[in-house]
Amino acid sequence: MHRRMSLARQLFLLQLGVIVLLVGAGTVLAFLDAQRISEAGADRRVVMLASALAELPEVRAALADDDPSRTLQPLAESVRTATRTDFIVFMDTDRTRYTHPNPDRIGEPFLGTVEPALAGGTVTETYEGTLGPSVRAVLPVHDESGEVVALVSIGVLQSQIGQELLERVPALLGVAAAAIVVAALGSWVISRRLSRQTLGLGPVEITRMYEQHDAVLHAVREGLVIIDLDGRLALANDEAARLLGLPTDAEGAEVEDLGVDEPLRSLLRSGEPVSDRLIVYRDRVLVVSSEPAIRDGRELGVVTTLRDHTELEALSGELDTARGFAEALRAQAHESANRLHTVVTMIELGRPEKAVEFATVELASAQQLADQVVGSVEEPALAALLLGKAAQAHEKGVELVISDDTEVRDVRVPARDLVTLVGNLVDNAIDAALTAPPPRRVVVTARGRDGGLVLEVADSGAGMDATQVDDIFTRGWTTKEVAGAHGHGLGLALVRQIITRYEGSVEVACDGATTFTVRLPPVPAAGGAAR
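Quick note on our numbering: the sequence shown kicks off at 1 and runs consecutively.
None of these hints come from the bench; they were simulated from the model. Any given hint could turn out to be false.
Claimed, not checked - Label-pair ranges, simulated between beta-carbon atoms:
| id | residue 1 | residue 2 | range |
| --- | --- | --- | --- |
| 1 | L173 | A293 | 31 to 41 Å |
| 2 | P247 | D371 | 32 to 42 Å |
| 3 | L14 | R282 | 35 to 45 Å |
| 4 | L22 | G107 | 48 to 58 Å |
| 5 | E503 | A370 | 32 to 42 Å |
| 6 | S270 | V181 | 25 to 35 Å |
| 7 | D296 | E254 | 40 to 50 Å |
| 8 | L349 | E395 | 20 to 30 Å |
| 9 | E507 | I347 | 32 to 42 Å |
| 10 | A241 | L194 | 27 to 37 Å |
All of these numbers come straight from a predicted model, not from anything done at the bench. For each residue, glycine too, the CB sits at the ideal point set by N, CA and C.
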């Protein structure tokens, strides 16, 4: 397919055309101006020469003779030759010629305007006489008393003026050609630079690329952020602006002025290459990838992509909860099987009273926890979560205690957020308790009133360094070894996200063990869970 002419080449040809047009117009104007100047100069020259001749004593003396032509004709021809004029005509006041370049014309009437000269004035005009069109001047010749006794006319043919102009044309054309060459060279240098900057593309290709580029940026479901080498925002598409909450005039601003929170701000500022890093940003979970943009070995900046995994992480949390429930049921089924075998064996050994006593005690213990949770927690999902976590903790050798003052009657936080909040705190507490020697214990207290919630989760673990409290809610902080697709370090970050969403607060007490206290303020019934 034939490639269209590049933008740089089109611009060069357009500039060259404009330059040629301007130089041509300037040359024509210069020629016309030179013609005007030549004609004006011829006017001044013939007037000055005629004025000088009219004042010569020899001319006055010759006019007094019976045959003025005898003296004036040689004088006129000698002056004409010396001054390179085309004719010098002395005449009587009735137009009769005394002199003429063509002697045969002597005695004939002069052709042209003479009336102003007869009145003592000066005549300058362009007139076609016997020799052709000429620029001429007619002046009076005065006698001693000041009376006009004759006239003198001096003229230069326009053909001579044109010849003089033609002698100037090569110089004008040379200057014009030099101007065109210099301007064309400058345009060529500019077009070469433009060609490099536009990659040799034509205007149609550039327009098509821009339209496609703009359409893709608006349509893509991933956020795209480009930071240039000066640390300024070069580009952010619609999805990136939505995810990061960027202002409409953000382009060109420094990273520090974008209003982006940590840790994403540090990542954008550093330009560190990362791949699929999970970052909890405000009320979202983002998967961030960052790579330097390089073309032809030259670094142009850093490209960062953002994917919203908030829903995916929420569903993953629910899946983990469901898996936990399944594990709890499996553990309960295993324990129930063991208890049933124990009861059957006791009966076979002839100890039915002991079998009944054992079964009654185990049933009462399990039923007591279920009755306590179901009686004090109205939210089914939260109640099921606590029972499941109790079974999980028991299987791991940790006692999960639901405090007697737990009472959740009116909590307007959605079940999904409750499960994420309580589940992550309890899981962390169980894992912390496992790091300490027995007895291992986790105590959960939850009180919900008027749509709000106060939650306390305490563990008997080894505790943590007080200096770590500010870091534990940052994505990536963990005391565990990384395992699984998502790794660890996201749970407490999700907890912080939920607390921030509902404008709550969290306190961490480190006095040997660790206690997390979360307070979510009352949520109006009409407002639901959203801020």
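Comparing the hints with the structure gives:
no.	hint	verdict
1	L173 x A293: 31 to 41 Å	violated (53 Å)
2	P247 x D371: 32 to 42 Å	violated (55 Å)
3	L14 x R282: 35 to 45 Å	violated (52 Å)
4	L22 x G107: 48 to 58 Å	holds (56 Å)
5	E503 x A370: 32 to 42 Å	holds (34 Å)
6	S270 x V181: 25 to 35 Å	violated (53 Å)
7	D296 x E254: 40 to 50 Å	violated (27 Å)
8	L349 x E395: 20 to 30 Å	holds (28 Å)
9	E507 x I347: 32 to 42 Å	violated (53 Å)
10	A241 x L194: 27 to 37 Å	holds (32 Å)
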